[in-house]
Amino acid sequence: MIRTVLITLALVFGSALPAAGQDVVPIDELTYAGASYDTLEVTVEGELVGDFGDRRDGTVWTQLNDDSYADNPLRESGTHDEGNAGIGVRIAGNLNVELDHPGGYRWRGPIVRASGIWHFHDSDRGGESYLEVTAIEILEPARTLADDPSPFAWVVGGVLVLAAFALYLRINRVSNKQ
Amino acid sequence: MLLRPEPHDFRIIGVQLGRIANVVAVAGLFPLSWAVVAREWAPASGFLVMVGVFALAGMASRFITLNEEHLEWSHGMVVVALTWLLVPAVGAIPLAMSGHYGQPFDAYFDAMSGLSTTGLALIQDVDHVAPSINFWRHLLHFLGGQGIIIAALSLFSASGVTTLYYGEARDERILPNVRSTARFIWKVAAYHLVIGVAALSAVAFFQLGFRPWRALFHGLMIFFAGFDTGGFTPQSTSLGYYHSAVFEAVAGILMVAGAMSFGLHYALWRGPRRAIFKNLETRTILATVTFTLVLTMFGLAATGIYSSVTGLGRQGFFQVLSAHTGTGFATVPPNELALWGGLAFGGMGIAMALGGMASSTAGGVKSLRVGLTVRTILGQVRQVLLPERAVQSTTYYQNGLRRFTPALGQAVMSVSLLFVALFLLGTGVAIGYGYGLQEALFESVSAGASVGLSVGVTDPTMPLLLKLTYTLQMWLGRLEFVAVFSLLGFLVSWIRGK
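Those protein sequence lines, which keep their order, are chains B and G.
Residues in the first sequence are numbered consecutively from 70, following the numbering used here.
Residues in the second sequence are numbered consecutively from 98, following the numbering used here.
If you're looking for bench data, these hints aren't it; they were derived computationally from the structure.
Treat the hints with care, since some could be wrong.
As the list claims (entries may be wrong) - Label-pair distances were calculated between CB atoms; the ranges are:
#1 Ile292/G to Val243/B: 41 to 49 Å
#2 Thr558/G to Glu209/B: 26 to 34 Å
#3 Arg124/B to Ala295/G: 17 to 25 Å
#4 Val343/G to Phe221/B: 41 to 49 Å
Source: prediction; values computed, not measured.
Don't be surprised by glycine CBs; every beta carbon is placed ideally from N, CA and C.
Using the sequences and the hints, build the whole thing.
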């Protein structure tokens with residue numbers, strides 16, 4: 070219930086975010102020409118994947134991908150056309166955004182629009198590059214991905230293992246007789 | 098005259114391959130169990146097929162009858178070369194079935210990359226890969242780094258198995274017999290496994306704020322890839338994903354431990370520790386790490402990529418350490434690494450090519466060979482400069498005083514030159530496809546020296562011939578040529594022999 074309310078609030082207030090009107094910068098652009106965006110406010114859109122690391126300073130670190138798999142996961146209608154494209158994002162705790170499941174094997178993570186300051190080779194963090202998020206809007210909540218095993222693969226695997234086991238028994242019987 | 102191999106030779110090779118298949122079948126039960134417990138049913142079916150193929154091959158080999166089982170040098174080398182070709186082929190089954198590869202060969206490429214502890218990857222959308230598949234990818238690093246043959250040797254003993262040990266690019270026997278040496282190597286790995294996973298998981302849990310299960314998962318994956326100098330990671334942004342200097346430091350310690358020879362591990366455990374710094378290999382690696390680090394740092398400072406000393410120090414040091422140990426972890430994206438031109442590129446390239454210590458999990462030319470190559474060259478220069486009757490020292494220190502013979506110098510130079518040729522092969526093919534010299538050379542050295550750092554050439558869309566070339570480089574580089582050449586010789590004898 071609380072999650073639903075928070076997502077709704079994020080969706081309502083998200084539309085009023087000052088950064089929402091800005092052009093969305095592709096992740097590839099940020100990594101190729103990161104220096105030209107250094108300390109500027111940028112807006113990115115994509116899927117949050119991996120982990121939500123709750124640090125002691127109250128911030129949450131995660132990864133934001135804007136590759137094609139965010140919209141079309143491979144196990145659904147996605148095609149093999151590119152690698153992942155992601156950046157690290159640091160979300161301040163006071164933004165109060167409810168993030169349920171990061172993207173992974175079982176989950177397509179939440180699709181968000183995040184605005185904030187792009188730090189390129191931040192000297193305070195030993196040369197790391199990341200987005201310091203100041204506003205975040207959940208465009209699509211996380212959803213589950215299906216785990217569809219192939220019955221044919223199970224049958225083939227089972228037959229192979231049984232055949233190996235039968236051979237093992239046969240060898241043992243022969244060696245016991247000898 | 099070439100002697101055609103007899104059926105008996107094939108039987109001996111078949112028996113040994115079968116034993117190794119049984120060992121890998123048992124290893125495959127770990128990711129299978131993981132997938133079943135985690136209810137990852139699709140990956141589980143792939144693991145079942147893989148275990149079935151390995152087990153069936155292993156059991157079938159037990160029907161081969163042998164009058165005697167003496168393994169000759171050529172048999173051992175052929176077994177090793179075939180093992181490192183066939184295990185990735187079967188090990189690629191669950192990867193190919195995962196749906197994360199555009200072509201079946203891409204899965205084989207990754208399996209070879211995993212087993213050879215290279216770390217170049219063609220997997221797509223790794224951020225949505227099943228944990229059990231990730232576990233298998235990283236376990237391949239562990240099996241390859243420690244040595245599949247070493248695993249088999251720990252369990253089986255047969256007459257002449259020493260040849261298998263040396264075939265897998267192990268240069269020194271630490272204990273009196275190969276079986277006890279193999280067990281010592283696994284003991285070292287087991288201690289590091291416990292301490293390494295605990296340390297990485299603790300950092301992931303307490304500092305990074307990951308959930309307990311995820312902290313343990315990341316700890317285990319990064320341990321396998323770090324200690325075995327592999328380079329795969331469970332997330333697409335490599336070690337940059339963690340945004341933590343502490344995590345990088347712990348991983349760095351494991352990388353160094355992995356690049357140390359098991360002889361050095363033995364000396365650290367049992368002593369005498371003082372002698373370690375007298376070793377030619379230790380002195381060489383300390384010198385080359387310092388040299389490549391200084392070179393890279395100056396290069397980075399000149400390009401002005403990093404505006405702060407802390408940024409330059411942390412990023413430059415970690416990347417050089419990753420290159421020199423042959424790990425391949427990166428904290429900067431490939432397209433940014435591609436911008437490290439000039440001296441920084443030179444420093445990174447040399448670090449990758451030189452590699453870690455002999456009889457370690459690292460690849461590359463290896464420090465002992467580098468030291469001996471330098472010594473050979475200096476000896477020849479001295480010979481020219483000194484009076485004709487002058488006598489030069491013919492010893493060097495490596496776990497004791499050893500004789501430096503012309504034959505040793507020649508052998509060392511030959512392998513070093515073969516590595517150079519291997520690096521040029523991949524560079525030439527990539528240039529032929531239109532890649533720039535710098536990126537072609539970087540990626541080729543990375544593949545041939547089992548490093549895994551990439552400037553973006555290794556990609557699922559790259560030409561098939563280039564994929565084949567890098568696969569060949571990973572195979573040859575990991576086995577350091579001899580076993581592969583023996584296999585070729587065996588095949589030629591089979592076809593043309595009498």
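- So which of the earlier hints does this model not fit? Of the numbered hints, all hold.
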